[in-house]
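Asks: One-letter residues, chain by chain:
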Amino acid sequence: MSWIKLAFHDIRAGLLRKRYLLAPALVVFECLFFGECADLFKASQTLGDMMLFCFRGIWPININDRGQDTRIPLEWLLIMTGVLLINLDYILFDLTRVGQQVMLRSRSRYGWYFSKCLWNICSTALCFCAFVLTAAIVTLVQGGELKLTVTPEICIGIYSAPVPLTVGQVFMAGFVAPALTLAAFSMLQMVLCLFMRPVLSFLICQSLVILSLYWNSPFCLGSGAMAMRSQWLLSDGINTGVAALFALIVILISVSAGAVKFKHMDILGAED
Amino acid sequence: MLIEINDVSKKIKGALILKHVTLQFKGGLVYGFQGPNGSGKTMLLRLVAGLILPTEGEVLIDGARLGRDIDFPPSVGLLIENPAFLPGYTGKRNLELLADLRGRVGDREICEAICDVGLDPEDKRKYRKYSLGMKQRLGVAAAIMEKPDLLLLDEPTNALDEKGVEMLCALIRRERDRGACVLVACHDREILDRLADEIYTVQEGCVERRPL
Ligand SMILES: Nc1ncnc2c1ncn2[C@@H]1O[C@H](COP(=O)(O)OP(=O)(O)OP(=O)(O)O)[C@@H](O)[C@H]1O
Ligand SMILES: [Mg+2]
Numbered sequence: 001m002s003w004i005k006l007a008f009h010d011i012r013a014g015l016l017r018k019r020y021l022l023a024p025a026l027v028v029f030e031c032l033f034f035g036e037c038a039d040l041f042k043a044s045q046t047l048g049d050m051m052l053f054c055f056r057g058i059w060p061i062n063i064n065d066r067g068q069d070t071r072i073p074l075e076w077l078l079i080m081t082g083v084l085l086i087n088l089d090y091i092l093f094d095l096t097r098v099g100q101q102v103m104l105r106s107r108s109r110y111g112w113y114f115s116k117c118l119w120n121i122c123s124t125a126l127c128f129c130a131f132v133l134t135a136a137i138v139t140l141v142q143g144g145e146l147k148l149t150v151t152p153e154i155c156i157g158i159y160s161a162p163v164p165l166t167v168g169q170v171f172m173a174g175f176v177a178p179a180l181t182l183a184a185f186s187m188l189q190m191v192l193c194l195f196m197r198p199v200l201s202f203l204i205c206q207s208l209v210i211l212s213l214y215w216n217s218p219f220c221l222g223s224g225a226m227a228m229r230s231q232w233l234l235s236d237g238i239n240t241g242v243a244a245l246f247a248l249i250v251i252l253i254s255v256s257a258g259a260v261k262f263k264h265m266d267i268l269g270a271e272d
Numbered sequence: 001m002l003i004e005i006n007d008v009s010k011k012i013k014g015a016l017i018l019k020h021v022t023l024q025f026k027g028g029l030v031y032g033f034q035g036p037n038g039s040g041k042t043m044l045l046r047l048v049a050g051l052i053l054p055t056e057g058e059v060l061i062d063g064a065r066l067g068r069d070i071d072f073p074p075s076v077g078l079l080i081e082n083p084a085f086l087p088g089y090t091g092k093r094n095l096e097l098l099a100d101l102r103g104r105v106g107d108r109e110i111c112e113a114i115c116d117v118g119l120d121p122e123d124k125r126k127y128r129k130y131s132l133g134m135k136q137r138l139g140v141a142a143a144i145m146e147k148p149d150l151l152l153l154d155e156p157t158n159a160l161d162e163k164g165v166e167m168l169c170a171l172i173r174r175e176r177d178r179g180a181c182v183l184v185a186c187h188d189r190e191i192l193d194r195l196a197d198e199i200y201t202v203q204e205g206c207v208e209r210r211p212l
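Sequence lines, in order, name chains R and F. Reminder that position 142 of the first sequence reads as 142 in our numbering, one-by-one numbering, no gaps. Reminder that position 10 of the second sequence reads as 10 in our numbering, one-by-one numbering, no gaps.
If we strip away everything but chain F, and leave its shape as in the complex, we get:
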């Protein structure tokens, strides 16, 4: 897995949100992003996910250009901002519905993912009754359940308790060791120091590598 961001700038409604960003990401590594609120971390993840397209420059996923050759990366797990699911279904049913779209994983993998994030696959409560942290955990489960090659996590520690954060770190390491390319935007510097193989700072749309 190789992701190349070549000289990408992004304008939204007249505002320059990413400025001449050039980066490369490879499988088997964790990339951390930190920076002040509104600096462009979430936009960078949206860009890699194919949700927004560059105004200038290009994003290549294994040589295929996003927005021209492919609409989205072929195998991606995404958790951006607040997770969103159908409120009237249980957590497990929600994951089943999503997994069914690709048909790549079955009941066993879904249950595993739910257990991995510390939820109960047998829980009969509807998603709308979940607490904030439970919603976040389910969001993480949805991102990892299909064992994607590319994992994009935006503030994954949001609303998680201490044990939840430990669990998340272990999961991210596991995904990396499996060969996934993991991009994490996080405000907690300590967590990034522990997890990330490379750390970048994002400042007003510019991205720079920070020495470890």
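One chain only, chain R, in its complex shape:
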């Protein structure tokens, strides 16, 4: 069961770090903003409202429409960037340090690499759980309920539409699709780190995040983490299920491409 031991190494070296405290902070920031909005509507909110709000993104931006509100959703960008930054450096950090000793003892490049992929998923999951937990706490503190329904008044206030979302749709647009999208970005970023400097890899992923503000398609990775792009909130919106599936495919392709690269990669010392 050597992979379990490898996974434990990654939990110790990669997951027990202070930087994960950044995750709840990101959502507190967002939720406070929501608190202001919710006050306006005087409606009691739910966890579903809160998560949809955190991952609402923006309506598709139409370059030709001059009158449109194209305010960049800063809070949304902060969450996406925060997760990318939290996950950025661990693989190369470990690879140039104690990870070499670990890899030699595991005697398998694939084993070590897949353990890092597992770590990456766990790391994003940890961030996301921190998001949900924080959102749940804020909801309770503000007198809301831990339900996965949406409050019609709040829908009108924020999305200008009293859309009756089902619990399944809220779960998909507020939890599954954003989580998978974040996981796909993180995995892509980690694998790109094997091909180029981490800074470049981060910049590429960050560019994709920004691109998704301007390009509304399920095949543009960031759209999946924006509830306001979903067909459930927008008549010509994207299929959130397809976006989630696409994120899953990006994860699989990234993992495979990384495995091929890592099998023959040179493992050198730390570059200062």
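Don't take every hint at face value.
Within a straight-line C-alpha distance of at most 30 Å, the following computed BS3-like cross-link-like pairs (lysine-lysine) qualify [what the hints assert, rightly or not]:
hint	chain 1	residue 1	chain 2	residue 2
1	R	K261	F	K124
2	R	K263	F	K147
3	F	K147	F	K129
Quick caveat, the hints were computed from the structure, so don't treat them as lab data. These figures come from a predicted structure and were not determined experimentally.
Knowing the structure of chain R, use the given hints to seat chain F with the ligands on it.
Replies: Just chain F with the ligands now, kept in the frame of chain R:
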């Protein structure tokens, strides 16, 4: 244990770092490498460890080709450049975590290795509080604790005091007598003269045997 390096060249980012190197190493002998900074000693050790793969040629460990048949030598202890451990754990805990990956040695061997390098297994200080020499000693302990067939030591005397160097020499001899194949890259010629059964000079990626 037989290690064969057959006509290996290695290019990294366009620079030729090892040039047509052909060498053989056997168990029970100490091989010393010396040469100027940047000549390729560390790269040679990385090559034997399987951390870098040849651009041309092949490295065989008991007939198995690195990078094709096996990823890494089956039993290897490695100390390259600066040792690295988890900073938030004690020295002993760090060794336990590493040893646990193979599960071949237990508490007794780990404590022995720590004592061998002159550290205290009961020391409760975290690795991040270790001095430079203590870190180096722990690195040596990690390399020898599992009694590997192949021992790769890059500048093992770094940061060691006089007593530390004596201890290291004794350990290397002990490992050799146990049957391990030991490769040592070291700038100190005197130490290599005392220790090594064969000495090689590395110069701009070329490796040549130096008459003793
Ligand atoms: N990470 C790296 N990327 C690219 N080239 C490298 C890297 N590390 C080392 N090199 C190059 O490889 C060559 C050999 O380096 P190596 O570290 O093997 O030298 P060395 O003989 O161990 O030197 P020293 O005595 O300083 O330890 C050098 O020319 C160096 O520039
Ligand atoms: Mg060196």
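Asks: Hint by hint, say whether it matches the structure.
Replies: We went through each hint and held it up to the structure:
1. R:K261 <-> F:K124: With a Cα-Cα distance of about 41 Å, the restraint between K261 (chain R) and K124 (chain F) is violated, given a limit of 30 Å.
2. R:K263 <-> F:K147: 27 Å, holds
3. F:K147 <-> F:K129: Judged against 30 Å, a Cα distance of about 27 Å means the pair holds.
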